[in-house]
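Trainee: For reference, the chains in residue letters:
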Amino acid sequence: MKVVGLPRFVVLAVFLAAISLAIVGYKAFRKDVAAMQAASLEDITWASYQLEQELGRFREALIQFQIVESGIDAADVNNRFDILWSRIAIFNQGGIGERLRVYDRETEIISRLFSDMKIVDRRIVGLAENDNAEVVELLQIFRHYADELRTFSRMVTLGEEVRGREIREQLQSGVIHTLLLNGLAIAIALASLAYINRESMRYKRLADTNLKLAATADKASRAKSKFLTMMSHELRTPMNGVLGLLALSKQSAVQNSQVRLIEQAEQSGQKMVDLLADILDFSALHSDDLHLDIEPFEIKQLAIAVREQFAPLARREGVTFSVSVTKGCPQHLQGDFRRLRQAFSHLAQYIVETAGVRDAEMEFSFEGGALLVTLSFEYSSDGGAWTPNLILGEEDRTGESFTTDALGPAIARGFIEVMQGSLRVDNPAGERISVIVSIPVEEFVATALNVEVLSSTDAMAAICRAALVGVDVNFVHDGDENSVHIVLIEAGSAAENEFLSQAREITPPAYLIALGTPIDKDAFDFIVNLPLNFHELRDIVGKRAA
Amino acid sequence: MNSLLTVVRRFVSGLFVLTFFYASAASAGGEVYLSLTNVSDGVVIELTEDDLLAMDQFTVHTENEFVDGLAEFTGPLARDVIALLNASEIEMLHFIAVNDYAVEVPMSDILDFDVIFAMSQNGVRLSIRDKGPIWVIYPMSDNVELQDRVYNDRLIWQLIKVEAL
Chain C
1 MKVVGLPRFV VLAVFLAAIS LAIVGYKAFR KDVAAMQAAS LEDITWASYQ
51 LEQELGRFRE ALIQFQIVES GIDAADVNNR FDILWSRIAI FNQGGIGERL
101 RVYDRETEII SRLFSDMKIV DRRIVGLAEN DNAEVVELLQ IFRHYADELR
151 TFSRMVTLGE EVRGREIREQ LQSGVIHTLL LNGLAIAIAL ASLAYINRES
201 MRYKRLADTN LKLAATADKA SRAKSKFLTM MSHELRTPMN GVLGLLALSK
251 QSAVQNSQVR LIEQAEQSGQ KMVDLLADIL DFSALHSDDL HLDIEPFEIK
301 QLAIAVREQF APLARREGVT FSVSVTKGCP QHLQGDFRRL RQAFSHLAQY
351 IVETAGVRDA EMEFSFEGGA LLVTLSFEYS SDGGAWTPNL ILGEEDRTGE
401 SFTTDALGPA IARGFIEVMQ GSLRVDNPAG ERISVIVSIP VEEFVATALN
451 VEVLSSTDAM AAICRAALVG VDVNFVHDGD ENSVHIVLIE AGSAAENEFL
501 SQAREITPPA YLIALGTPID KDAFDFIVNL PLNFHELRDI VGKRAA
Chain Z
1 MNSLLTVVRR FVSGLFVLTF FYASAASAGG EVYLSLTNVS DGVVIELTED
51 DLLAMDQFTV HTENEFVDGL AEFTGPLARD VIALLNASEI EMLHFIAVND
101 YAVEVPMSDI LDFDVIFAMS QNGVRLSIRD KGPIWVIYPM SDNVELQDRV
151 YNDRLIWQLI KVEAL
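Residue numbers (the working numbering), protein chains in the order written: chain C, 1 to 546; chain Z, 1 to 165.
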């Protein structure tokens with residue numbers, strides 16, 4: 001069953017709707033509560049009854065004023081009038097007054113009473129003792145207000161009861177609506193959470209499945225790589241045996257025609273050995289099992305090694321291939337000499353074999369902390385529809401079709417990537433194309449070593465000097481104050497012990513190299529057999545310098 | 001021992017009240033605006049308008065149900081006035097208006113809040129017709145908890161008498 005997920009904006013919209021509903025519900029509830037609070041803050045019924053009562057007290061004061069020795073004088077009457085006035089004044093101010101005026105709009109009892117009070121204000125202030133006629137007139141003015149205020153009070157009471165009921169109903173309704181809205185919001189939120197939970201579980205299951213698939217695929221890939229590696233090893237061993245026998249066959253008395261056949265067989269065998277080596281490298285690259293051996297090397301030696309490795313193919317294809325090292329390039333760099341040589345050889349081989357190249361130049365330089373190798377060549381139509389895709393790795397990554405000629409470029413590219421380098425092609429459609437490889441490497445500054453030769457003859461010292469030409473060493477003599485790092489000792493002669501004793505006095509201890517087979521092999525750090533192999537001596541001294 | 005302390009305290013209280021009375025009568029001799037009574041010891045203090053105005057005046061800006069918008073009220077702090085009774089164990093006050101309307105006010109109200117005996121509103125002296133001469137005002141706008149009917153009922157106007165219970 002295919003599970004189709006809701007778009008994210010729908011889920012977001014649902015969430016927003018739930019939040020909006022909750023806010024609307026909360027606001028409605030707050031509004032109802034505020035209305036109830038305002039209604040209950042002051043009881044206006046009480047205010048209307050107070051007015052009615054104060055009117056009665058004022059009228060009573062007027063009546064008592066008429067009676068001699070009642071104890072009520074004009075000041076008392078005025079006082080009662082002022083209190084009554086203050087009660088009326090409530091109607092004109094604040095929230096209480098606003099609510100009371102609502103009930104007075106129709107009958108205008110309060111308005112009329114206040115108008116009459118204003119009219120008689122001066123008469124009250126000027127009320128004289130024994131002026132009963134004035135009192136009677138005043139009583140007459142206010143007489144009917146007693147009944148009217150009673151009516152007003154009843155009207156306020158009834159009105160407030162109705163209002164109270166309305167507020168209660170409104171509150172009840174508001175609570176129900178709020179509950180409904182909040183319930184709806186909660187339901188939507190819960191539904192959303194359930195949906196999100198389901199989606200989350202689904203994604204988790206997918207992730208688990210993907211992890212398992214990836215693990216299975218990785219396991220299968222590793223198994224294949226392992227099998228490939230093992231088979232390559234297994235095939236290379238008998239093939240080396242075949243090559244060895246072919247080489248021996250050539251040395252026996254065979255006819256020239258047979259020699260040619262043997263050489264062809266040798267070439268085929270060597271090609272197969274090379275191919276097996278490539279498969280091993282490719283397998284190592286794909287299983288992330290490739291380890292780089294970073295060591296100091298001479299850039300010039302690298303250029304020569306690439307040229308020598310490529311020379312047979314160049315001869316066979318009739319291609320002029322030259323290598324050069326730019327001036328100012330450091331003598332030594334640090335890197336994996338073997339992988340670099342293979343990478344550049346594979347690139348050159350691929351280009352020559354596929355692009356119809358007649359001449360190719362490979363230039364080695366050092367720029368910005370990187371080894372820069374530019375392989376330039378002239379594109380020939382004889383080479384067919386050559387494209388740099390395989391070099392740039394834009395084809396085989398689709399995975400389905402992997403041609404045999406893709407192995408070399410793939411290995412070269414793999415090595416370059418492992419060494420954190422980059423590769424680009426300049427002017428791919430032009431007449432002269434440049435494949436530029438840049439690999440970050442560190443410059444190696446060799447420390448000049450002090451070498452002393454202990455020999456019974458000057459000839460041995462001269463031979464050693466000749467062997468170490470180009471290596472950054474200083475030759476020192478016995479008695480020099482410079483510290484000695486390497487001592488080359490003529491071994492196997494009667495003077496060996498004497499030379500050893502002399503060398504052991506050097507502090508700190510120097511590296512002792514025997515020239516020839518020594519009497520005491522354990523006394524030396526390294527042995528170079530005679531006749532002296534210059535390359536071997538240069539190599540061991542160069543490594544000591546590193 | 002306790003009874004002796006009570007007698008001394010009452011004597012000091014009486015002496016204070018008599019001194020205040022003498023000063024009031026000498027300075028003003030006007031109409032009594034507010035009468036303070038300590039019910040427990042029977043001490044009565046009558047304050048004239050001048051007595052009340054001579055005290056530190058405090059201003060409260062507040063709204064209530066009986067005024068339009070924010071109003072400025074000025075008058076002595078209720079706790080300063082009650083302090084004239086020099087009684088430390090007052091728990092409840094009985095406020096009585098000119099028309100005999102009365103409310104019970106806990107002493108904690110005037111201790112916890114700046115309740116004033118307002119004599120002016122927006123700079124105008126309160127007359128009887130304007131809820132004067134004394135209107136008990138709570139700082140309702142500054143204290144949300146005071147915006148309740150309980151405190152609204154305690155906004156007694158035309159206050160003439162305070163009894164300390």
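You may find that some hints are simply not true.
[Claimed, not checked] One side of the interface only, derived from the structure: several residues of chain C facing chain Z at Cβ under 7 Å: (1) 85; (2) 95; (3) 96.
By construction, these hints were calculated from the structure, which means they are not laboratory data. Remember, it's a predicted structure, so these values are computed and weren't measured experimentally. Ideal Cβ placement from N, Cα and C applies to all residues, glycine included.
Trainee: The structure should be examined with respect to each hint, and the outcome stated for every one.
Mentor: Tested hints:
{"no.": "1", "hint": "85", "in the structure": "holds (4 Å)"}
{"no.": "2", "hint": "95", "in the structure": "holds (5 Å)"}
{"no.": "3", "hint": "96", "in the structure": "holds (5 Å)"}
No hint from the list above goes unmet by this structure.
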